[in-house]
Amino acid sequence: MPTATARPDVLETASPAGRRLREPLVRLQSISKTFSNGTVALRDLSVDIGDGEFLSLLGPSGCGKSTALRIIAGLGEATAGSVEWRTAEPGGAGPTHPEIGFVFQEPTLMPWATVFGNVWLPLRLKGQTRQAARGRVMEALGMVGLEAFADSYPRELSGGMKMRVSIARALITRPKLLLMDEPFAALDEITRFKLNNDLLHLWETFGWTVIFVTHSVFESVYLSERIIVMAARPGRVYRELAIEAPYPREDDFRTSPIYNEHCRRVSVTLHEAMGEGSH
Amino acid sequence: MTTAETAQAEPRVAEDEDNELPLAPEAESLGGRIARIAVPLGMLALLLTVWQAYVTVFDVPHYILPSPIRIGQTLATDWSMLFAALLVTLRITVLALAIALVGGVAIAIIMAQSRWVELALYPYAVILQVTPIVAIAPLILIYAPTTQSAILICAWIVAFFPVLSNTTQGLRSTDHNLLNLFELYGASRRQTLLFLQLPNALPYFLAGLRIAGGLSLIAAVVGEFAAGTGGRNAGLAFRLLEAQFRLNIPRLFAALVLLSMAGVLIFFATSLLSWLLLRKWHESAVRREN
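Protein sequences appear in the order of chains P and G.
Following this note's numbering, the numbering of the first sequence begins with 1 at its first residue and continues without gaps.
Following this note's numbering, the numbering of the second sequence begins with 1 at its first residue and continues without gaps.
Hints in this document: simulated from the structure, not taken from any laboratory.
The reader is advised that the hints may include incorrect statements.
[Said to hold, decoys possible] Here are some of the chain G residues that sit facing chain P, going by a computed Cβ distance under 7 Å: (1) LEU178; (2) LEU184; (3) TYR185; (4) ALA187; (5) GLN191; (6) PRO199; (7) ARG279; (8) TRP281.
The structure presented is a predicted model; accordingly, all values stated were derived computationally and were not measured.
Glycine included, C-beta positions come from ideal geometry on N, C-alpha and C.
Isolated chain G, as found in the complex (with noise of 0.2 Å):
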């Protein structure tokens, strides 16, 4: 059997090359990458125009409606304080994004491993995820040696569970002929997991993450909110409760242009990730083509 012959004999080879290669998104036209970023930038301007008229010519009072300008000037004049505080919200949010991956990802391969331990921890793991977190978070408070732990452990108890049902999910889903071949070369259990299971279970892993990215960024609202800190260890929660109370609606605006800002953040570097690990196999992250 030469290459030859193959070649020869296969001819759609040759055809699955020319249609398969160009994978990558280089492949789409420069027209429509440049639309994939104008039309919504075009969007915003058009909405940001449409606010500024609208207050302008109505004569909105700030302390109703600030104008986008309005906005823009106030993150400019308050950025010291809110970018810290802003700093001090994403360390909390990334911080129990790392821990729940960790934790999540820990558990998940414990529990393939037992079908007694699964039994055990799923129904806590479920319970923790449907109680509300912000009738928890009180509790927490009240037991976690500073405020700081408290809102990071909220976050964490959030963004904790969709990492872990979807780890499960993806260690459980190994192909069996695959688990079969593995057990036909006399494969230790160690190497099942690194070499088949993990991997298998990457792009449900990935997908828990991009939940759990989100998630912990409102969590971490949510204690915030419940906590109450202010001070040196203010977040952009307690900023935004604070500029509510003192009536100033241009920083509170502010505020919450950061905050989202902070999650398309998040999510995009999610996709990022994801997107890095699965494209060059997994069919999520791959052009259809046809």
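Chain P on its own, in the form it takes in the complex (with noise of 0.2 Å):
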């Protein structure tokens, strides 16, 4: 267990022991936010996000982890620091951010429209016609293994084919970010660990950038190259982590010493933060 004890930071991602060397995709600069009851849910927030990374952002409820995600997505405004976009468009003018797709942490489909209406929506916002987006929208359910069912309605679904509508609605646009907000949160065990298997073989393909919220040290510890561990009251980062374990991961990995070492040593680091964030 060559990393079980070492005191790893974020030099330990970029080192060569480190899968991949990242170009920076997006920097969050000393990031803060009040929120208008006065409450500080983000205090000092500064985290390099690489490009083609997987990062997960683990912390108990009010460390101000979702606030974050909205925040990089442009959904609301930081009180102080800036977020910086990395991605040299060509022929584009300035760094603005590239497409995004978010994923909540209900699977929040619209009740009245189909699954293909649903999937539909961005680019329907985008103004193109149903016919025009047909392929493409056949094409995110292809990915998410849920063709056959395009004509049914949200309600006829199981809570985990909800949940992979919702992640083909957020691949539709072929974003190059993938924000991802608790999504698994609701879900049974075994569904969960299913979706967490299609994730990662569709980042491994797709090679998007994934910023992923979780309170579970075991999923975050699955999924990600890298863990922010947050502290509550104020938000804040408390440590990063590096996950050295190679990909693809599978369902042996969870039962690996290195697994169960590498979350013995996240769930550590949690406790530390949420002991320091009691007082």
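Combine the two chains into a complex, taking the hints into account.
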């Protein structure tokens, strides 16, 4: 267990032992967010997110991890600090944010629209007709294995399938960055494991950047290259941990000693962070 | 991720399909469907028989309580007059309802766009609603150019509020995450309204419509009572009053039967519309299966 006891930090990701060298995609600089009721959701949050990285934000509820995700998505302004995008669009003017896909904790589907209609939505809002979008909608549904359910309504689907539809909708714009806000928290364990595997396969195939918010140590270790452990009140970065384990990670990784060792280490760090937050 | 994998990993899928595909009413057993029609009809037959027996046995004079058969005969003999009156009343009801729908939805949309407009308009909509229509009717009769238009205005005032308040509620209760999603994808205000807020408000609107349908008939009748129009434009309510003055009690009952049948018809029409629009997705229109 080479990485078990080393105190890791962000440098480790970029070290020769790290899996890939990353160009930064987005840099959060000293982000603070105070809500109108005076709650300090985030204080001085600085994180670099590498292009193509799988990063998890892990922390107790109230640590501002969802708030951070929303600020990256442009839903809500930071009170202080800046979000700097490093994507030089070819021929484009300046660093604007790339195409973003967002998956909420709830499937957030429109109950009056079919699966097709829900996945079509992002393209429809860009003015694509149903006919023009059909190919891409079916392609996105194919990625999550739901082609056969295009004409079903959300209420006819199981919780896991609704989440897949939500993921297909996030994927249809071919995003460079996928933001996921505890997407599998409400699902049963079997479905969650399955969707974890599917998500990793898609990530390895398409090479997007994923920022994954979770409160599950096990889920974050299984998925991520790097975990940012956050502490609450006020929400801040407590520590960054690299998960040195090769991909593809499959079900046997879940039972491997190295996985358990990482979980133990992350768990200890999370408890430290929560202990610090409580006084 | 293939379909085969999905089916294998999520056996729940197949189960759900079995459970939920028979959504339509045809899932109901034949016996259940017959009972749904036969029981109320049997009840009606029983009531009418008792009524008829009572009138015959105690020899009740028809100007006090006419027998069902006599009411039926009156309905037949006075049909041309009563049916013409029914059409007049129905025309006002439907017209008032239609204008109330357009106006209610339009004002709800405007109020949902701007907090200021809502602050300015909503209190007056409430005042218009809570003031008894019978009390406003005489004023309207003075100001309106014709009696028919006065009755129309009465019916509109009453039918308009449930549509407005329900639609406003529906437009406001849009899922915040869906609103975030629309914002994330750069949806315009018009797109958010058309693709998100209006569909979301549809069940609320339809509930308002069902209330408004019944209310507009009531208001049309109240308006006619207040106006007391006779002649060619006489509605059912006027015929009803007229029959009372003349102590033509069988005709009064006949008019009443037509009026309540018109109410039932409106209720069924709005319920049917509601079911047609919601049956695919809304919990209210889908049969629960456990």
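Index of numbered hints that the structure contradicts, given in increasing order: 7
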